[in-house]
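**Student:** Just so you know, the protein sequences line up as chains V and C, in that order.
For what it's worth, UniProt numbering labels the leading residue of the first sequence as 1, then goes sequentially.
For what it's worth, UniProt numbering labels the leading residue of the second sequence as 1, then goes sequentially.
Do not take every clue at face value.
Calculated cross-link-like contacts (lysine-lysine; reagent style DSS-like; alpha-carbon spacing at most 27 Å) [unchecked claim]:
| # | chain 1 | residue 1 | chain 2 | residue 2 |
| --- | --- | --- | --- | --- |
| 1 | C | 243 | V | 122 |
| 2 | C | 234 | V | 122 |
| 3 | V | 172 | C | 243 |
| 4 | C | 243 | V | 187 |
| 5 | V | 119 | C | 191 |
| 6 | V | 191 | C | 122 |
| 7 | V | 122 | C | 191 |
| 8 | V | 243 | C | 191 |
| 9 | V | 122 | C | 172 |
| 10 | C | 191 | V | 191 |
| 11 | V | 243 | C | 234 |
| 12 | C | 187 | V | 243 |
In short, the hints are calculated from the structure, not lab data.
Please read all numbers here as calculations on a predicted model, not as lab measurements.
Number of protein chains: 2
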Amino acid sequence: MSGRLFLLPAPLAAYSPEAWSPETLALHLPAKAIGLYASLDSFIVESERSALRLLSRFKDAQSLRSLKLRVLNEHSGESELPSLLEDLEQGMDCGFLSEAGMPCIADPGAALVAYAREKGVKIIPISGPSSILLGLVASGLDAQRFAFLGYLPQNGEERRAYIARMATAVLKDGMTRVCIETPYRNKALLKDLIALLPDSLWLCVASDLCGAEERVLSAPAAQWRRSGLPAIGKVPAIFLFGKRAGMRPPDSR
Amino acid sequence: MSGRLFLLPAPLAAYSPEAWSPETLALHLPAKAIGLYASLDSFIVESERSALRLLSRFKDAQSLRSLKLRVLNEHSGESELPSLLEDLEQGMDCGFLSEAGMPCIADPGAALVAYAREKGVKIIPISGPSSILLGLVASGLDAQRFAFLGYLPQNGEERRAYIARMATAVLKDGMTRVCIETPYRNKALLKDLIALLPDSLWLCVASDLCGAEERVLSAPAAQWRRSGLPAIGKVPAIFLFGKRAGMRPPDSR
């Protein structure tokens with residue numbers, strides 16, 4: 001198996017002709033990623049539509065027509081993994097692209113990487129934007145240690161019980177918690193967080209990161225309760241809660 | 001307070017004239033970060049030496065001479081924060097740069113951001129390489145949820161007890177654990193991890209990420225025990241352990 005599997009970042013900002021102009025994309029993506037978009041001929045992608053939109057910014061019509069795209073998404077099964085590696089087996093380099101941000105995190109790419117590792121494929125991760133880290137550094141929350149929780153439970157009651165449990169855990173262990181939500185549930189999640197977090201914790205909501213409407217709101221829970229629910233809309237967002245960062249981080253392992 | 005505080009990424013690869021040539025740096029850093037290195041005149045930095053080395057790649061001698069640098073590191077106290085914001089108060093934009101990777105994570109930058117937020121400073125996070133995420137995506141470990149633990153306890157006995165506790169926790173909650181170590185303790189940490197992790201968990205060590213000697217080793221703990229300790233050296237590295245990623249992630253909140 002001599003092809004290499006490149007784990008490529010995708011833009012965070014949602015598609016628009018301006019947000020996805022080659023110049024704007026290059027502002028947020030390193031040259032290595034852009035060079036690989038342009039040069040690779042084989043890709044495993046989470047969304048064919050997003051991948052083609054992105055690659056069309058950097059490839060001519062001829063290369064786009066001869067492109068090999070294979071799909072790996074939440075509907076894929078374990079049994080499909082071997083066929084995804086066919087081009088790699090032929091010695092071709094291959095890129096993996098998720099819908100947004102760094103691949104493999106909270107998507108099925110990690111299973112592909114595990115399988116590819118067992119088959120001896122060389123894996124090369126390429127740096128790029130991550131809403132988890134951009135939200136974290138801009139939040140003012142403690143970032144000595146943090147936990148990414150992925151998607152929270154969809155059921156309202158379960159979600160609220162989970163948030164309450166996590167809030168208690170933060171008070172004890174000091175680890176900032178980071179979670180995501182599908183955009184149409186942003187409002188429900190934010191409402192629950194504002195209602196449930198204890199006064200002493202901070203809540204941060206970062207939306208449209210790297211986009212024209214980028215907004216990072218971060219304040220103590222008590223202040224959120226006073227100012228009420230902001231207009232958040234159905235945009236990609238990330239939610240964080242934890243202790244305000246200090247010069248001497250709390251240690252309670 | 002009208003200046004903006006830009007949270008800038010720094011290269012991950014350790015300094016060498018080749019690794020830090022402007023062309024190599026641009027491979028791993030987005031154009032936005034490089035544009036800000038070149039255009040900002042005021043910086044808060046974790047290490048004056050690293051910051052000057054980096055900025056000298058993108059600034060002429062004249063701009064370097066008139067540069068305003070203020071230091072924030074692990075020896076800084078809470079009382080120094082107000083003076084760090086002086087240029088921002090004068091309406092100047094300011095960049096924050098840590099020694100490597102994204103700022104604020106496991107460094108005192110987060111306290112600066114918290115303080116700046118309370119003073120109404122506009123905070124703008126700029127994307128860049130992160131060893132946490134590059135290691136995670138390349139590992140093949142479950143990445144639906146993960147926890148960054150920062151530096152582990154320095155004392156050998158405490159460290160081993162902590163690793164054992166974390167290994168038990170991973171088996172239960174399925175969250176991949178990520179930790180760092182100062183390079184001269186890499187070998188001791190790796191030895192402990194290889195000795196202590198249960199057979200079913202995977203261990204991943206990623207070193208010199210984005211550098212010429214980039215290496216990501218990831219395999220079941222049992223396999224590490226059979227193959228023995230690899231030559232790791234005193235290079236920047238990140239360590240991860242957790243369950244092998246599958247298409248259907250384990251859920252045990």
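**Student:** Could you run down the list of hints and mark each one as holding or not?
**Tutor:** Okay, the hints, checked on the actual structure:
The straight-line distance between the Cα atoms of residue 243 of chain C and residue 122 of chain V is roughly 20 Å, inside the 27 Å bound, and the hint therefore holds. Distance check on the hinted pair: residue 234 of chain C and residue 122 of chain V sit about 24 Å apart at the alpha-carbon level, within 27 Å; holds. With a C-alpha separation of about 25 Å, the suggested pair residue 172 of chain V and residue 243 of chain C falls inside the 27 Å cut-off, and the hint holds. Distance restraint check for residue 243 of chain C and residue 187 of chain V: the Cα-Cα separation of roughly 33 Å exceeds the 27 Å cut-off, and the hinted pair is therefore not satisfied.
This hinted pair checks out: residue 119 of chain V and residue 191 of chain C have alpha carbons roughly 26 Å apart, not beyond 27 Å. Restraint check: the Cα-Cα separation between residue 191 of chain V and residue 122 of chain C comes to about 25 Å, which is no more than 27 Å; the hinted pair holds. The straight-line distance between the Cα atoms of residue 122 of chain V and residue 191 of chain C is roughly 25 Å, inside the 27 Å bound, and the hint therefore holds. In summary, the hint linking residue 243 of chain V to residue 191 of chain C is not supported, as the alpha carbons are separated by about 33 Å, beyond the 27 Å threshold.
Restraint check for residue 122 of chain V and residue 172 of chain C: the C-alpha separation of about 30 Å exceeds 27 Å, so the hint is violated. The hinted pair formed by residue 191 of chain C and residue 191 of chain V fails the criterion: a straight-line CA distance of about 46 Å is larger than 27 Å. Of the pairs offered as hints, the one joining residue 243 of chain V and residue 234 of chain C is violated, with about 33 Å between alpha carbons and a cut-off of 27 Å exceeded. Annotation: proposed proximity of residue 187 of chain C to residue 243 of chain V is violated, straight-line Cα distance about 33 Å (limit 27 Å).
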